[in-house]
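**Student:** Sequence:
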Amino acid sequence: MSQPSPDARRVIKPPQSPKRPLKRPPSARARERHGRDFRRPQWLEPVLELLRDHPIFEIPDPETGELTEHASILLPSEREREWKRETLRIFRRRTALITVAGILSLIPFWLLFTSMAPQARGSISFAHALMFGCCAILNVLVRRSKSLSLTRTLTIITYAVFGLCAAGVIAAAKDPRVTALSGHEATIISLLFLPFSLAEAFFCAAIVVLSFGLGLIAALSGAESAVTFSDVWPRFAALTITSILVAIMTYLQGLVRRQAFDSAFDMALSASRSAALSNLDAVTGGFNRRHLENMLELELARANRFGQPLSLLMFDLDNFKRVNDQNGHIAGDEVLREVLSSTTEALRGIDTIARYGGDEFIVILPGTSLRAATGAAYRMRALILTGLRDRFPAGSLESLVTISLGVTCLMPGDVVSVERAIERADQQLYEAKRAGKDRIYAE
1 MSQPSPDARR VIKPPQSPKR PLKRPPSARA RERHGRDFRR PQWLEPVLEL
51 LRDHPIFEIP DPETGELTEH ASILLPSERE REWKRETLRI FRRRTALITV
101 AGILSLIPFW LLFTSMAPQA RGSISFAHAL MFGCCAILNV LVRRSKSLSL
151 TRTLTIITYA VFGLCAAGVI AAAKDPRVTA LSGHEATIIS LLFLPFSLAE
201 AFFCAAIVVL SFGLGLIAAL SGAESAVTFS DVWPRFAALT ITSILVAIMT
251 YLQGLVRRQA FDSAFDMALS ASRSAALSNL DAVTGGFNRR HLENMLELEL
301 ARANRFGQPL SLLMFDLDNF KRVNDQNGHI AGDEVLREVL SSTTEALRGI
351 DTIARYGGDE FIVILPGTSL RAATGAAYRM RALILTGLRD RFPAGSLESL
401 VTISLGVTCL MPGDVVSVER AIERADQQLY EAKRAGKDRI YAE
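Under this note's numbering, the first residue of the sequence shown is numbered 1, with each subsequent residue one higher.
Because the hints were derived from the structure by calculation, they are not lab data.
What you are looking at is a predicted structure, and each value in this text was computed from that prediction instead of being measured.
It cannot be assumed that every hint is accurate.
Label-pair distances were calculated between CB atoms; the ranges are [said to hold, decoys possible]: (1) 329 to 434: 24 to 34 Å; (2) 277 to 369: 30 to 40 Å; (3) 328 to 350: 33 to 43 Å; (4) 414 to 326: 40 to 50 Å; (5) 307 to 137: 54 to 64 Å; (6) 90 to 331: 45 to 55 Å; (7) 389 to 414: 34 to 44 Å; (8) 329 to 301: 30 to 40 Å; (9) 430 to 90: 58 to 68 Å; (10) 435 to 412: 27 to 37 Å; (11) 290 to 350: 18 to 28 Å.
No residue lacks a Cβ here, since even glycine has one placed at the ideal position from N, Cα and C.
Let the sequences and hints guide you as you build the complete structure.
**Tutor:** Below is the structure:
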């Protein structure tokens with residue numbers, strides 16, 4: 001076979017002093033010192049990169065309440081954590097709305113009560129002003145609250161203040177009509193501040209029963225209209241039944257809310273799994289051709305915008321077909337996984353490697369010149385060959401696999417498509433294969 005002319009290709013010699021030394025695996029002492037998880041599994045890296053690069057929606061942090069990006073990949077174990085975050089989001093929005101509704105509902109009741117009992121206008125106005133202020137303060141605090149427990153506590157305190165103020169209105173007005181209408185006001189406020197959990201429902205029910213059934217404020221103030229034990233039991237029973245109904249409603253509301261969340265979470269989980277599978281290679285666990293083309297399109301646009309070089313490496317395994325034919329595809333899959341694992345050791349965090357098809361891999365090196373990319377290719381080739389020798393027995397077909405690499409560099413101003421960039425790297429790989437394999441060619 002005739003050798004290609006020097007004009008058609010040129011051989012890039014390995015640099016004498018590579019800029020970055022080969023990475024060595026951590027020693028047993030280092031692993032023991034830093035714990036079991038000193039080295040992350042190689043198969044986890046593509047998943048972690050997807051977590052960083054592919055946000056799908058925003059959720060509030062349970063501690064700070066701030067919206068943070070949620071990754072497109074969900075895990076089944078995250079269900080309870082996501083439920084707590086969703087609960088915080090719903091509760092904050094709900095509390096903000098009901099405080100506004102409470103403020104609007106207090107105004108007509110204040111006007112009605114002051115017209116019915118003008119002699120107690122000051123006391124009624126004070127009680128409604130106190131409830132009005134509680135709603136306004138709660139609205140402000142809930143928006144700035146950093147935890148769900150604090151938000152719930154503020155709501156319960158507001159609920160208790162409403163109950164005591166309503167009882168005070170009854171005591172001050174000394175009017176049966178006000179007493180009846182105040183019960184309606186309390187019912188409306190109770191529905192607005194419907195408890196969020198079953199435990200809170202029973203707590204709020206106790207507040208309702210104590211404040212209205214026993215007339216606590218009226219009794220403490222010594223008012224003549226204070227409720228006595230002779231007529232408390234009918235109202236006590238009615239309020240107890242109402243409280244139980246509120247508790248049941250709260251339980252059913254929470255049940256429906258959780259079912260809706262579980263359904264939405266399962267849909268998001270299914271979508272995230274589909275997104276992950278569409279970008280990951282089933283054999284190696286790394287990225288596949290689809291993800292490679294998407295990332296290459298992004299890096300080409302970034303390189304043209306910022307005027308930086310972009311290098312592309314394409315390599316395949318020499319004599320890999322013999323491994324599949326004689327030892328089976330399972331052995332071939334092990335070789336591919338070892339190649340991917342070894343290659344990752346030579347790459348930076350911003351680099352991307354993907355299986356292009358068969359035994360071919362492509363590496364994207366952003367901001368890398370031709371010389372630097374060639375040095376990375378030699379380091380990569382050395383790591384792959386060392387990994388294969390260490391992973392498989394000496395003399396086996398797997399240990400005899402070699403690597404042919406093609407390197408191309410796209411300079412600023414080169415307007416090429418994804419297909420053209422891959423074609424240029426493929427041409428260099430073809431030259432390396434034609435010249436005898438187990439070598440690196442670059443342009």
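**Student:** Compare the structure with each hint and give your call.
**Tutor:** Hint check results:
1. 329 to 434: 24 to 34 Å: Once the Cβ atoms are compared, 27 Å apart, the range 24 to 34 Å for residue 434 and residue 329 holds.
2. 277 to 369: 30 to 40 Å: 36 Å, holds
3. 328 to 350: 33 to 43 Å: 37 Å, holds
4. 414 to 326: 40 to 50 Å: Given a distance of about 43 Å, which is inside 40 to 50 Å, the answer is holds.
5. 307 to 137: 54 to 64 Å: For residue 137 against residue 307, whose Cβ atoms are near 55 Å apart, the range 54 to 64 Å holds.
6. 90 to 331: 45 to 55 Å: The hint (45 to 55 Å, Cβ to Cβ) holds, given that residue 90 and residue 331 are roughly 53 Å apart.
7. 389 to 414: 34 to 44 Å: 38 Å, holds
8. 329 to 301: 30 to 40 Å: 38 Å, holds
9. 430 to 90: 58 to 68 Å: 59 Å, holds
10. 435 to 412: 27 to 37 Å: Distance hint for residue 435, residue 412 holds at roughly 30 Å.
11. 290 to 350: 18 to 28 Å: 20 Å, holds
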